[in-house]
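Chains as they are written, first to last, in the working numbering: chain C, 40 to 203; chain R, 1130 to 1671; chain S, -18 to 245.
Be a bit skeptical, because a hint or two may be false.
[Said to hold, decoys possible] Under the rule of at most 35 Å between Cα atoms (straight-line distance), these lysine-lysine pairs were calculated in the DSBU-like manner: (1) S:Lys26 with R:Lys1327; (2) C:Lys182 with S:Lys117; (3) C:Lys186 with S:Lys26; (4) C:Lys195 with S:Lys26; (5) C:Lys155 with R:Lys1572; (6) C:Lys155 with S:Lys26.
Derived by calculation from the structure, the hints in this document are not laboratory data.
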Amino acid sequence: MSACTVGLLVGMAIFAGVHRAVMPQAWIETANPRTVHIAGEFIESNLGSAVEADGSVTVRALGQQFSFTPQCVVVPSDTPVTIRATSADVVHGFLITGTNINTMLVPGYISILPVKFKTPGEHTMPCQEFCGLGHEGMWAKVKVIDKAAFATLAAKQRRLTCVE
Amino acid sequence: MLNSKRLVLAHFWLAFVVFGLALLLGEWQMFARSPLNPGLGNSDWYYRSVTAHGSAMGYVFPTLIAMGFGYAITELALKKPLIGRRWAWTGLAMVAVGAVVALIPVSLGLASVLYTFYPPMVGNPFYYIGVVLVVVGSWIWVALMSINMIVWKRENPDKPVPLAMFANVAGAYLWGWTAVGAAIEVLLLILPVALGFKDTIDAGLSRVFFSWTLHAIVYFWLMPTYIAYYTIFPRAIGGRLYSDAMGRIAFILFVVVSMPIGVHHLFADPQVGGGFKFIQSVFTAMVSLPTLVTIFTICASAEIASRLRGGRGPFGWVKALPWGNPMMLATTFSLLMLGFGGVGGLINMSYQLNTSIHNTQWITGHFHLIFAGAIVIMYFAIAYDLWPHLTGRILKTGRMMKAQLWLWFVGMIVTTFPWHYVGILGMPRRMAFYDYANPEIAKQAFSVSMSVVGGALLVVSAVLFFTILIRGHRAERADPGEYRFAQAVHEPVRLPAALNGFALWLTLMIGLTVVNYGYPIAQLLALGSSTSVPAVYVGAPQ
Amino acid sequence: MKTEERLFSWRNSWFSLSLGGTAGLVVLSLIAGFLVLPYATPNSKLGSLWDAICSAAGVPRATAPSEQVAPTFKTSAVVMTSQMPGPTDTRSVGRGATLAMQCAICHASGRHSQPDTPNLEGQPAAAVYKQLRDFKAGARVNAVMTPFAINLTEQDMIDLSAYYAYLPRQPGLHPDAGVPAPAIVIRGAAMRNIPACSSCHGGGEVKAGAPWLEGQSAIYIKAQLQAFAGEHRRNDISEQMRNIARRMTAQEIDEAAAYYASRP
């Protein structure tokens, strides 16, 4: 009986995996937290949402004591989105409430997450890992907007955020 | 025959004093971050408190219980004096000194890194040195348990090792090996940085080493509880253990598969490959086996006791159980909480489900239900069971004991169920306070307040617990008679070597560790300095 | 128990079954985890089977080149760690003292400093060093400071910061211990992503590169917060101060500035 239970559990894990639910990060990339702000894809002007040639969107974000940059992430609904994020100092957590987007930012490594937001709406994005005395103040936002509205914005600007 | 009464009592009392203090900190934390707190909240004091609470409850309290209970089992089960009593006192002294050395910098705010360390944040070196002392002190116990069993086996070549001792040594080996991960992390990665010899650290590698310890440590906490299920509970309710061999197999499975599964704590980490996450997920599923075996065996043992008392019918026997018996009550509550917590655990072990609750308050609820609930309630029961033999006085506070156990159970449910719920709503853990004025957070205000109420019940329960123990020291003297562990329906006469020793199982344990951790560690080591990041020192001079 | 039974032998069923079972489980998980699941992962961009195995094992991949948007203004290029700007000695402090004579016009000690300039005595070396580097590079611009900073060498900046770090902190301009700490200073405003000031600027924790604020002039603090909020000052690494300042209300800026100025 017990063996069956274990078999069932493992089977469920494989089933969920093969059916393209959320999967662990497919490969590993590294980044140097000392210099992420000086060169490479995580420089200030390159952060935010970018439209790729294939129509998908890449969101680049940086976690640091005690905020995410950009502080407000804007993404289109119903579009494949790849989140690429790293930390500039300590370990941070990357959680978008009301979704199952939830990962860790470990300095030295890049977290890569393929996601999709079904419907427009607003979410909070707290840091979910203890990162120092200001951890409780590390709340960002995510705005999911209609695909067409996003396209209009993207025509004007190459990196989008909803920072006011 | 208990020769080392003072030794065992010293372990239990130190453990429970640490537990009492840490419990008060825990309840204060619940209050401080709840909407009931009228003050502004101070994150500095909150994180000091969380670090102290976690270090005391995670490293000091259960270790001392396992050590004290282990020494008692050695003498009671092997029926001979403990070998190496002086070393045992040395171990206790190291744990006590280590706890003080660790908690001084924590209370001064110099090491608010939480008990899970979180490099590249690095605190005062004395915090880590204290933790190392605690672990090394407990390793003395590991060695003593091993020596005592081996010597006994040599003296009694024709007898099977009593189940209580077998399980006790399983717990010792499990801890000895599982503590190695955190020990490597602290000694080789963190301390050189804390002491100023280095200023960079590989955070990803540190997390992998810590995960080695992080999951199996829970099974180490669990060992005294399972030993009580198998070797005390059936006797206490007037029955017999359904199967001695099942018990041995359960403990063996813990030794083999509870260690190489810690990467499931790193499901969301970017530095470990998906393949290794999957393998460890499979072995995490395996670790539910010994618990399923145990639940079956213990329920069967309860049925045997009930039928012996005249219980009838397919379910009617449940009524005939001795519900007034504290051990009956404690074990029932413990299994209930283990059941609830276990279901939650199945969600955590699945990569896909885990993403919806990873690092939310759900996790805090989960491990409190398992550790502070299912495990600690049996620590209480163990103390109640052993106290007359330790003090030579009767422990005659039956009603108070029942009230204490009920309060702990209800308190734990009221604390942890709302905690799970706000986790599903996405409330992140380890935050000093929340802005309940915000409409999104306001939805969680009621649940968080409920947890504070549950915590208050736990504090009341702990007060009763201490009252019972202290009264036990003042009650009239009485001979408690010889201490007995539960007898199995079929007491083993001959056992295959595999069920009477650990050589094969330790080989498998180490082999599986190498398979499951070898490559991820080697890979990160090979990356070397390119992923070492600057340390962020906390508790800087003000 | 004394038995003639040999445990480590394939004839012993405990040995063969447990070892075989464990090995079998490992092999099955390896096949599933390294060969099947990698292909089930979206966007995994796998070339060969070997690629799949390497990805699943965690061999790092080089980041694929991507088009980048360059900044339209000068950002700070200082590498800021807890070790910056490195070890100093008394000679460095001495040289710094000489250099600092030209700074004293504006950054005179304590009470004599001008209200629109910061007090530098007792500031962490990293804080002074970073600002000097940014002024020199043009990441931070000020009509008075920039001409001074442009002529400083790397060693000058290290010496100056060592000198100011060496000096004891001076009492503030208008100390008044009676002013209670406002919520924004000790608690921040979590949902607006404003951590407590004290979590970086002393009182709770000191973040590498963050200056002390106690005893600074209210005018200076307020001006800097407004500059960060209005994107007039952008040398904070990856917007770490702009993220905070832009979400503060005018009243909170006033309160924080007044509180820090009142500190002894």
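A quick look at each hint next to the structure:
At most 35 Å may separate the alpha-carbon atoms for a hinted pair to count; S:Lys26 and R:Lys1327 exceed this at roughly 38 Å. A hinted pair counts as satisfied when its Cα atoms are at most 35 Å apart, and C:Lys182 with S:Lys117 does not qualify at roughly 38 Å. With a CA separation close to 25 Å, the supplied pair C:Lys186 and S:Lys26 stays within the 35 Å bound. Under the criterion of a C-alpha separation no larger than 35 Å, the hint pairing C:Lys195 with S:Lys26 is consistent with the structure, at around 30 Å.
Proposed proximity of C:Lys155 and R:Lys1572 is supported: the alpha carbons are some 26 Å apart, at most 35 Å. Simply put, C:Lys155 and S:Lys26 have alpha-carbon atoms about 18 Å apart, close enough for the 35 Å limit, and the pair holds.
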